[in-house]
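Number of protein chains: 2
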Amino acid sequence: MERIRLVFSGSGGQGVITAAIILAEAAVLYEGLNAVQSQSYGAAARGGATRSDVIISDATIDYPKVIQPNLLVCLTQEAYNKFYEIIRPGGLLITDLRYVKTLKKVDAQQREIPIYNQVMEKIGKPIVFNIAMLGTLIGLIELVAPESIMKVLENRIPSDFLDMNRQALELGLALGAEYKS
Amino acid sequence: MERIRLVFSGSGGQGVITAAIILAEAAVLYEGLNAVQSQSYGAAARGGATRSDVIISDATIDYPKVIQPNLLVCLTQEAYNKFYEIIRPGGLLITDLRYVKTLKKVDAQQREIPIYNQVMEKIGKPIVFNIAMLGTLIGLIELVAPESIMKVLENRIPSDFLDMNRQALELGLALGAEYKS
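Sequences listed follow chains A and B, in order. So for the first sequence, numbering that gives the first Met the number 0 puts the first residue at 0; every next one is plus one. So for the second sequence, numbering that gives the first Met the number 0 puts the first residue at 0; every next one is plus one.
These are computed hints drawn from the structure, not numbers from a lab. Mixed in with the good hints, there may be bad ones.
Intra- or inter-copy, both count: the list cannot distinguish identical chains.
Stated by the list, open to error - Straight-line alpha carbon distances no greater than 30 Å define the calculated BS3-like cross-link-like pairs of lysine-lysine that follow:
| # | residue 1 | residue 2 |
| --- | --- | --- |
| 1 | LYS150 | LYS124 |
| 2 | LYS121 | LYS64 |
| 3 | LYS104 | LYS124 |
| 4 | LYS81 | LYS64 |
| 5 | LYS81 | LYS150 |
| 6 | LYS150 | LYS104 |
| 7 | LYS103 | LYS81 |
| 8 | LYS150 | LYS100 |
| 9 | LYS150 | LYS64 |
| 10 | LYS103 | LYS150 |
Isolated chain A (complex conformation) (with noise of 0.2 Å):
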């Protein structure tokens, strides 16, 4: 397997820390993979962008932040304006449609898709937009199993909200199925 360097992108409330643990679980307890999941704060950080870090391997991982994504989501404008211009050349850009403009082309594959308003429309919890963005993720590009993600949200989340959780999965996965080609 190559190795995938992820970086999610948003604002505190989110999910985008949540979302990354929740990817690197699943690659770890379910799939037999190595994970190493991290966020960097620092003056940067109190402006707003929250950032969090997630790298994939079936090899040992040595160093645990990512440099140069080669899938980077970007959740807020302000999120977008400050790294859109980490992707990794010939990656793959994810912008939700709803919230980011994006204003400059970049040596990669741009996807502008309507997470947050499917989500809004179709499940009306801003909630579970965090669990959409990892369906629409797995359904452009086979990270790990939608399986191994339910798993790990079996083990974290009261049965009560399993329902809508996993709702929000299928949404993402059917999303990204659409943006893939």
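Let chain A serve as the given structure and place chain B on it in line with the hints.
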């Protein structure tokens, strides 16, 4: 400020990752410091011991992984057995008295503290064990102000649960102060 390297270790459900994220956010958002927080998962993680790293500094932090923590917390026997040797000489090793039987002397200060027992006796809810652990730490050494932790909790936790978390933090602060000398 001296650079502080912490490792929190325990089992999955004990909230060590959440505690690490709360501490890092408190340092960055309310104390003007820099922080990096990370989880490394690998073959070993599948065994059971979860590890979460935090580095706090007033200078820029380049390498986000902790090699030798000057502060190591072990909340299960498995975590202790796996990690006790990485403590930096002269560092501080904290174990939970109920869960860990310390086996060897290390070249560090060692404190076996009844955090879990106190939480169960005075609050009765194991879910705030990790917050009591944070309080204990801050009672022992001045990492960040307790108010900074409370501010992070206020942003993260439904108001119904805030009181219980404040209680756990205060219980920890008192416990830490008691084991200081």
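Since the copies are identical, ignore which copy is meant and state whether LYS103 and LYS150 lie within 30 Å (CA to CA) inside a copy, between copies, both or neither. neither (38 Å within a copy, 37 Å between copies)
How would you label the pair LYS150, LYS100 (within, between, both, or neither) given a Cα cut-off of 30 Å? neither (34 Å within a copy, 32 Å between copies)
At most 30 Å between alpha carbons: which applies to LYS104 and LYS124, within, between, both or neither? The answer is neither: 32 Å in one copy and 52 Å across copies each exceed 30 Å.
Under a CA distance limit of 30 Å, which applies to LYS150 and LYS64: within one copy, between copies, both, or neither? Classified as both: same-chain Cα gap 26 Å, cross-chain 27 Å, threshold 30 Å.
Within a copy, between copies, both or neither: which one fits LYS81 and LYS64 at a CA-CA cutoff of 30 Å? Both: 17 Å inside a chain and 24 Å across chains, each within 30 Å.
For LYS150 and LYS124, with the copy left unspecified, which applies at a CA distance of at most 30 Å: within, between, both, or neither? Classified as both: same-chain Cα gap 21 Å, cross-chain 25 Å, threshold 30 Å.
Could you figure out if LYS121 and LYS64 sit no more than 30 Å apart (CA to CA) within one copy, between two copies, both or neither? Classified as neither; 35 Å inside a copy, 40 Å across copies.
Indicate which option fits the pair LYS150, LYS104 if close means a Cα-Cα distance not exceeding 30 Å: within, between, both or neither. neither (37 Å within a copy, 40 Å between copies)
Classify it for me, LYS103 with LYS81: is the Cα-Cα distance of at most 30 Å met within a copy, between copies, both or neither? This pair counts as within: shortest intra-copy Cα distance 13 Å, inter-copy 48 Å.
What label fits LYS81 with LYS150 when the C-alpha limit is 30 Å: within, between, both, or neither? between (33 Å within a copy, 26 Å between copies)
Consistency note: the structure conflicts with the earlier hints numbered 2, 3, 6, 8 and 10.
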